[in-house]
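Please put together the full structure from these sequences, using the hints given.
Here is how the chains run, residue by residue.
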Amino acid sequence: MARSQSASLDRKKLFGDPVLIITIIALTVFLALFILYPLVMLLMDSVLVRQTQLYSVEPLVNGEEIVYVTEKGDPLTDNRSPAYVKLISPSEGVGEKTVPLYSSTGLFAGRATLNDISAGKTVYLKTVNNRDKAVFIALDQLTTVQQTPQTFRANGRVIKNMEGIELSDLCIQLHQDNWTVDAFPRIFKDYTFNRALTNTLILGALTGFGSLLIGLLFAYVDVYVHIRSKMTKKLFDVVSLLPVVSPPFVLSLSMMLLFGRSGLITRKLLGIYDSDIYGLWGIVIVQTLTFFPVVYLMLKGLLKNIDPSMEEASRDMGASRWKVFTTVTLPLLLPGLGNAFLVTFIESVADFANPMIIGGSYDTLATTIYLRITGGTYDINGASAMAVVLLALTLILFLIQKYILEKKTAATLTGKASRGRMLIEDKSVRYPLSVLCVTVSVFVILMYIAVPFGALFKLWGRDYSLSFKWFEQMFREGGWKAFKDSFILSAISAPVTALLSMIISYLVVKRKFKMKGFIEFVSMLAMAVPGTVLGVGFIRGFAGGVFRTGFLQGIYGTGLILVIVFVVRSLPVGTRSGISALRQIDKSIEESAYDMGAGSGKVFMTVTLPLIKDSFFSGLVTTFVRSITAISAVILLVTPRFLLITCRINEYAEKGEFGVACAYATILIMITYAAILIMNTVLKYFGTSKKMKSEV
Amino acid sequence: MAANKKEPKGVRLDHISKIYQDPKTGKDFYAVHDVSLDIVPGSFVTLLGPSGCGKTTTLRMIAGFESPDEGEIYLGGEPINALTPNKRDTAMVFQSYALFPHYNVFDNVAYGLKLRKVPKEEIQERVTNILKLVELSGMEQRMTNQLSGGQQQRVALARALVVEPGVLLFDEPLSNLDAKLRVQMRTEIRRIQQALGITAIYVTHDQSEAMAISDQVILMKGGVIAQMGTPMEIYYRPNSEFVADFIGECNFLKGKVGESSNGLTEIELPAGKVCVKTEDHHAAGADGEIVLRPEAIQIGDEGMLPCRVELSCFMGSYQNYHVRVGDTLVKITDNCPVNKKIYNVGDQAFISFDPNCAHLLDT
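Residue numbers (the working numbering), protein chains in the order written: chain U, 1 to 696; chain L, 1 to 363.
Bear in mind the hints are in silico, worked out from the structure with no lab data behind them.
Even for Gly, the Cβ is constructed at its ideal location relative to N, Cα and C.
Keep in mind that the hints are not guaranteed to be accurate.
[Unchecked claim] Simulated coverage check for chain L against chain U, where a stretch passes if three residues somewhere in it have a Cβ under 8 Å from a Cβ of chain U:
(1) 60-68
(2) 93-101
[Claimed, not checked] Away from chain U, derived, C-beta distances all over 12 Å, residues of chain L:
(3) 17
(4) 19
(5) 76
(6) 151
(7) 185
(8) 208
(9) 211
(10) 248
What follows is the structure in structure tokens.
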């Protein structure tokens, strides 16, 4: 039995559909280049060590020629792995050639000819003198002696920076690439790294548990407890929406405003002058308050699916409410709880901005990597290795979450509850639980309100009179440009991401082809990649062009690379919503359009896209919001050509100028909130689902 | 009424096979195996069979959604294996109707015409005509979810018809309708197909639907064709126990083949000798079984074979009997029982049948 004919026919059909095939190829290239490749590069960097050594240059006079031979300094190389010497022509600024030098009998030798660079032009041997200054030796001619690369010879004259430099001062800089996993044992011995790793894990666990507790409380109260006042319900909605619309680090800012050294609550109300919220507990509180709404929404959906008759059966047999909760509800919910825990754990581990602002000396992996790259100790190997460790951590957790816990959750809690649940009316349950929820909600809202006031008060902690001076300072110091840049870049990436994720979902759900598994996996993989890791990957992957060949090097440092990062960061979210929207649509609707004579492009534009336009539109706004509030990856890639709001906030917060930081954050929240508002309005009036419902 | 300007096309399947992988065991198996068909232009052919027999796969291969692993499909004489569904001159009516929920009735029907860049006035005219044909005039502006199941079915049919395809494909189109509407719609489909003279291939698992609607019935089992022929042939001259049993209720009486003369063959049953009309030769002395439809048997005080009544049940239009003939249980539907003698459980009686209505199978 051979399925070769159908395979070849399917391929023929695929190629008979140029729109489809071009889309698939373009997508595959995009995903491979901008998600997979940076990660691969990161992995390579962590195992590929470039060692640089200086060697002295010995001028040998051989007849009329001067031959430079480098002398072996220490046993850096052996015969198999070459060292490299770089030939460049600085005057033209383009020609550059790395020539491998092989060592034998203590001499490094290599060969290069002039046309390796560009024929007819002067070639220079880049050397470094013992004052660490680059010196170029012009090479008129490079020749090799005999067949075997024994000696590296050149007729040369030293032309630059020659004043006061003796030839004996010169040395040749040789570097050598070694495949080694040394970086890993090295960082695992590194105190900073070990502390960061432990810190990250502790933080993730604490945040995970904290979010789980509060999220479960909210979900339980929402689904099980009879709440009389509409206000409370409204409060729940607001609290679950706030973290979505606000930049990730707003809570850190307000935490400092309210509980910091000159905090409104700690200092003014409680009279504590030495309160220290910087560090682990500060981050835990902030992250918990940021992430618990995610848990709340996840668990709410699950609790609604529990069939009430199971709990009623338990109660009927004499169990108390507490007993019902611990013996029926909780065990049913357990995989879901595990799932929610891991989701928050990953979010917490990947979070960059909060530990950066409020962490103080409590460094996490994400911040340590950032500091390694931007700080004084430029240790790209170490940073790459750390990024690999961080990536491995989130990836493993992600795989457990996605392929084990999510399945288990679906297995225990599927389908709809058969009928409505009798809500708990008991005052002994209702009052304490709802009071707890309302307290948390009010606290969260208070935190958000603190930000605009932080921008309006003259001097937080001292002078609580209102003024616009922080806003004025913001606009004076490049505020307009920051808003313009952030807005434009996010506005470009939003439609691109929305369309891209809808196309991916369409291909994944509705079509069969070879690259499908790859496309689905890679676009979901981006979800597990922390922003910092992606940022480092992009630096390593594109700073020197793809595989250091210079190809695509041009995008590095431009707005394009920022847009690409925004797209990559939001793609999984859009794709997930697109996939679930498309799964609800009967496959035969598209098949029928196809059958009527529409090609793939036409089917997608006239049938698929109109049917999932809600998902498309919400993907549009979500991407915009996520992009304009993003910081972790872009802070590593942004150049002075662009000012981004989030990076500015981070800058001012680091400098301690909270007023300006708050002014930025206030306007940012207003922008994102407006975007969400527009989305909801548009969906309400033009949404497909709404329209169809009203006509039934 | 829309005049069908295009000639209907014939469909030929030349040793078609389709291999699938069992998702559990990972083993390959034939979903369709070595199916050859020749469908005459303008005829109505039904692919009938139990679920998993390969009938829908065959239809989807003709439409182009699946690719055959062996063999070639011809549409109007042209090989179409490598053509994508949108390049094939077929139009399909789906089980779920697959109407576009974001379009109204008019736009749904006009979809295929717009793709073919038909001028606006002509689209208007052809859609109006076709909607008249399926009796949906005046509903052009309705959204599809404002229609009943039967109306949605008509829109799906109109949408497929309006592009005047060479072949019309139906994938169990009536299975989502209630029993009464199903009967009404199948008559309707047959009427329209005959009016337009279009070639139609129809997939169903409902044998009564297949018989009511088709010129030719192709009964499939386990990926292969079990029998093909007119409904009458399949019903009265089944070539296997499976076919006989699948097409309506059936009794099997096992015995030995005896002498034949004048197209009548004698069969020796444990309970006695009977005669059956045969067209082909059956070797004397071989094992055989008589295929008897319940309505072809009469029960009376005298007849060919003695029996004992085990069940007697009034069903309205007929009396339902289960009787024991020798060791074999025989089902009888005795029509219009009001003027006849009713036998009760435990009664002794005789059964008889017309040799023309019985069929002999070699076993």
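Inset, instruction - Starting from the hint list further up, note which numbers the structure goes against and sort them upward. - result: 3, 4
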